[in-house]
Each structure stands twice: as C-alpha cells, then as structure tokens.
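Trainee: Letter by letter, the sequence shown follows residues 2 to 320 in this note's numbering.
Treat the hints loosely; a few may be bogus.
Below 30 angstroms or equal to it, Euclidean Cα-Cα: the simulated DSS-like pairs (lysine-lysine) are [what the hints assert, rightly or not]:
{"no.": "1", "residue 1": "K49", "residue 2": "K71"}
{"no.": "2", "residue 1": "K242", "residue 2": "K178"}
{"no.": "3", "residue 1": "K178", "residue 2": "K254"}
{"no.": "4", "residue 1": "K225", "residue 2": "K298"}
{"no.": "5", "residue 1": "K199", "residue 2": "K70"}
{"no.": "6", "residue 1": "K157", "residue 2": "K70"}
{"no.": "7", "residue 1": "K71", "residue 2": "K283"}
{"no.": "8", "residue 1": "K298", "residue 2": "K49"}
{"no.": "9", "residue 1": "K157", "residue 2": "K242"}
{"no.": "10", "residue 1": "K157", "residue 2": "K49"}
{"no.": "11", "residue 1": "K213", "residue 2": "K225"}
{"no.": "12", "residue 1": "K235", "residue 2": "K298"}
{"no.": "13", "residue 1": "K199", "residue 2": "K235"}
{"no.": "14", "residue 1": "K235", "residue 2": "K225"}
{"no.": "15", "residue 1": "K225", "residue 2": "K49"}
These are calculated hints, taken from the structure and not from any lab test.
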Amino acid sequence: MFDVISAGDIMIDFSQCGYGPNKNPAYEMNPGGAPANMLVACSLLGGKTAFIGKVGDDIFGRHVASALKKYGISDEGVVYTRDDHTMISFVSFDDEGDRSFYFVGKGVDHLLTPEEINQSVLERANIIYATYGLAKSESGRASLRFLQDYAEEHGKLFAVDPNYRPESSLHNPATVKQEFTEYIARADIVKLSEVELKLLTGLGDSPEECAKGAEIISKIGREKRAVFITLGAKGAYYHSKEEIGYDPGFRVKAVDTTGCGDSFLGAILYHLACEPQTPLSKAVRIANAVGALCAMKQGAFDAMPTRAEVEAFLAEQEA
Numbered sequence: 002m003f004d005v006i007s008a009g010d011i012m013i014d015f016s017q018c019g020y021g022p023n024k025n026p027a028y029e030m031n032p033g034g035a036p037a038n039m040l041v042a043c044s045l046l047g048g049k050t051a052f053i054g055k056v057g058d059d060i061f062g063r064h065v066a067s068a069l070k071k072y073g074i075s076d077e078g079v080v081y082t083r084d085d086h087t088m089i090s091f092v093s094f095d096d097e098g099d100r101s102f103y104f105v106g107k108g109v110d111h112l113l114t115p116e117e118i119n120q121s122v123l124e125r126a127n128i129i130y131a132t133y134g135l136a137k138s139e140s141g142r143a144s145l146r147f148l149q150d151y152a153e154e155h156g157k158l159f160a161v162d163p164n165y166r167p168e169s170s171l172h173n174p175a176t177v178k179q180e181f182t183e184y185i186a187r188a189d190i191v192k193l194s195e196v197e198l199k200l201l202t203g204l205g206d207s208p209e210e211c212a213k214g215a216e217i218i219s220k221i222g223r224e225k226r227a228v229f230i231t232l233g234a235k236g237a238y239y240h241s242k243e244e245i246g247y248d249p250g251f252r253v254k255a256v257d258t259t260g261c262g263d264s265f266l267g268a269i270l271y272h273l274a275c276e277p278q279t280p281l282s283k284a285v286r287i288a289n290a291v292g293a294l295c296a297m298k299q300g301a302f303d304a305m306p307t308r309a310e311v312e313a314f315l316a317e318q319e320a
C-alpha cells in the first residue's frame, strides 16, 4: 500500500549556486517538480509513496527517476518517451532566497495519457495528489480528469495545489482562475499560496482575508477535508470543519525557497494519511518546520529534512 502518491511534473532544476571561474553564474543540476518534491518530504517523514509521470528517455529523465528511488519513492508509475526531453528549468535567486524560473521548452510531463497511468499504483493509494501542470495539453487534461474520476469512484482522498507560475502560464489570469476553480471543485484537500488565493478570491494575506478566503475555497465544489494557505516566511493558515487557525511559522535565513511549499504539503499529507489523529494545528506546525528547514538548503529533493532533523529543529525552537 501507498500512503500518498502524486502525478504530474517532474523535472531538472538548474539552480544557481554561485559563480564560475569566469565570474558568470554557475548552475547545479537538481531533481525537482512540485509533486515529486512533495513526495520526498512525505517519504522522509516515514510515508510510503509512489510517483506517476512522464519523462524523456534521456540523461535528465534517468537522473530524476534514480533520485526518486534514492528517497524511497516507487518509480513504477514513471513512463519514458523519446517524443521530447524531460522538463528543464533554470532557477535564480534574489538576496532573500526567493526564486524565479525560466523554463526550457514544454517538456513531456504534461503529455501523460490516461492509458499510461499505472492503475496498480492508484489501487494501492490512500491519498492521490495531482498537479495542475498536467493540464498544459489535451492528453494531460484527460489524465487529470481520469485521476479525479478514479479518486471519486474508489473513495480516495484527492489533494491539489495549483502551483501557479505566471511566467509559464499559457493563459490570461481570468482563464487561469476559471480553470483553477474547476480543478479545486473536485478536491478534498487544497493547498494555495498567497498569490493563488488572490487570483482565486481577490483577497490578500492578512489574517482576516485568509480566513475569509479559506472559507470561500472550502465551499467550491465538493466538501473539503481541509484547506491550507501558505504565506511563505509568514507561516500558514488552515481551515477544516474541526479546526480553523493560523501558525506563524519560523524565521530562518533562507538560501533557496524552491520546494518549500511542496515540503509543507508533503508533511500535511503524511499526517492526514499516516497520523490522522494528529490535531491539524500540530500538523501545520510540523509542516512549517519542514518548510523552514527546506529553505535553509540548496535544491529541492536534497533540501528536504529527515524526521529526526524536524524533531530536533522543533525541540530547539520550543526550548
């Protein structure tokens, strides 16, 4: 059985890591992609995980598949193709560690077809997470609908995170809002960034607006198990039938914020799948710690903390 599986984009992030001998920016090849990042965080906390997605039959595709296995994530749902290359992005950082992306081509992750989805993996899943990145092509949209249908028909929890990247979006904000609303409507668990909250509701990141926004999101489509609004260094807001609240997170020196939101979601899904008795307030506190530790290291996969590191960090913060 798998506690959490994810489907969607997996890629190579060429992350800025200083300067070369000629004083030009230097970049390191790191595995990444929101659904894969999330699984690494979940796996390191103790969850059993699997990835479903499409990569190029190239050096980059083989590298990311190998990285999945390194972190204990099943790659039996990975499909290889020679139609195009594995998704590639270049990631640069400002002085606060916040990143900007430049994507090379369209990649193949969104070309996954329903026929290529390994249903054996779905059958063994507790929670299914699918990124909206699949919706960049008709075949990807069909796969997203297939996953949504499967979750509903087989009683699986369906989790979403729009993972909005204005620089890579093919549509105007109004169209994106409509598409994201339809995507969220069929979800049980929703994670949004403050940018996505504003796009969908027009509301900002103040406590009052987050509370109102989360309530609005919770009423879109099917009844939501939980809604989370991540606010970067300012913590996270959470909303469920049982608990509503805010956790301020942790102040750390950020080196690279790539994957922080994904790591937060990985910790949340771990607790919902593996430790459902944990109060949501505690799960969010732990998830914020995971995100903070992720921000303190370079890369995505390799920046994710172990359970022992998270426990030590929390003990230090609360001493």
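Trainee: Does the structure keep K71 and K283 at a Cα separation of 30 angstroms or less?
Mentor: Measuring from Cα to Cα gives roughly 29 angstroms; hence the hint holds.
Trainee: Is K199 close enough to K70, meaning Cα to Cα at most 30 angstroms?
Mentor: The given pair, whose Cα atoms are some 37 angstroms apart, is violated under the 30 angstroms limit.
Trainee: For the pair supplied as a hint, K225 and K298, confirm whether the alpha-carbon distance does not exceed 30 angstroms.
Mentor: This hinted pair is violated, its Cα atoms lying about 33 angstroms apart.
Trainee: Is the Cα-Cα distance between K235 and K298 30 angstroms or less?
Mentor: holds (19 angstroms)
Trainee: Is it true that the CA of K49 sits at most 30 angstroms from the CA of K71?
Mentor: holds (13 angstroms)
Trainee: Given the hinted pair K157 and K49, is their Cα-Cα distance within 30 angstroms?
Mentor: With Cα atoms ~16 angstroms apart, K157 and K49 stay inside 30 angstroms; holds.
Trainee: Keeping to a limit of 30 angstroms between CA atoms, is the pair of K235 and K225 held or broken?
Mentor: holds (24 angstroms)
Trainee: Going straight from one Cα to the other, do K298 and K49 come out at no more than 30 angstroms?
Mentor: holds (24 angstroms)
Trainee: Hinted pair, alpha-carbon criterion (30 angstroms max): K157, K242. Please report holds or violated.
Mentor: holds (19 angstroms)
Trainee: Is K199 close enough to K235, meaning Cα to Cα at most 30 angstroms?
Mentor: Given pair K199, K235 holds - Cα atoms ~16 angstroms apart, limit 30 angstroms.
Trainee: Are K157 and K70 close enough, with their CA atoms no more than 30 angstroms apart?
Mentor: holds (24 angstroms)
Trainee: Against the 30 angstroms threshold, does the CA-CA distance of K178 and K254 hold or violate the hint?
Mentor: violated (33 angstroms)
The structure is inconsistent with the numbered hints 3, 4, 5, although it conforms to all the rest.
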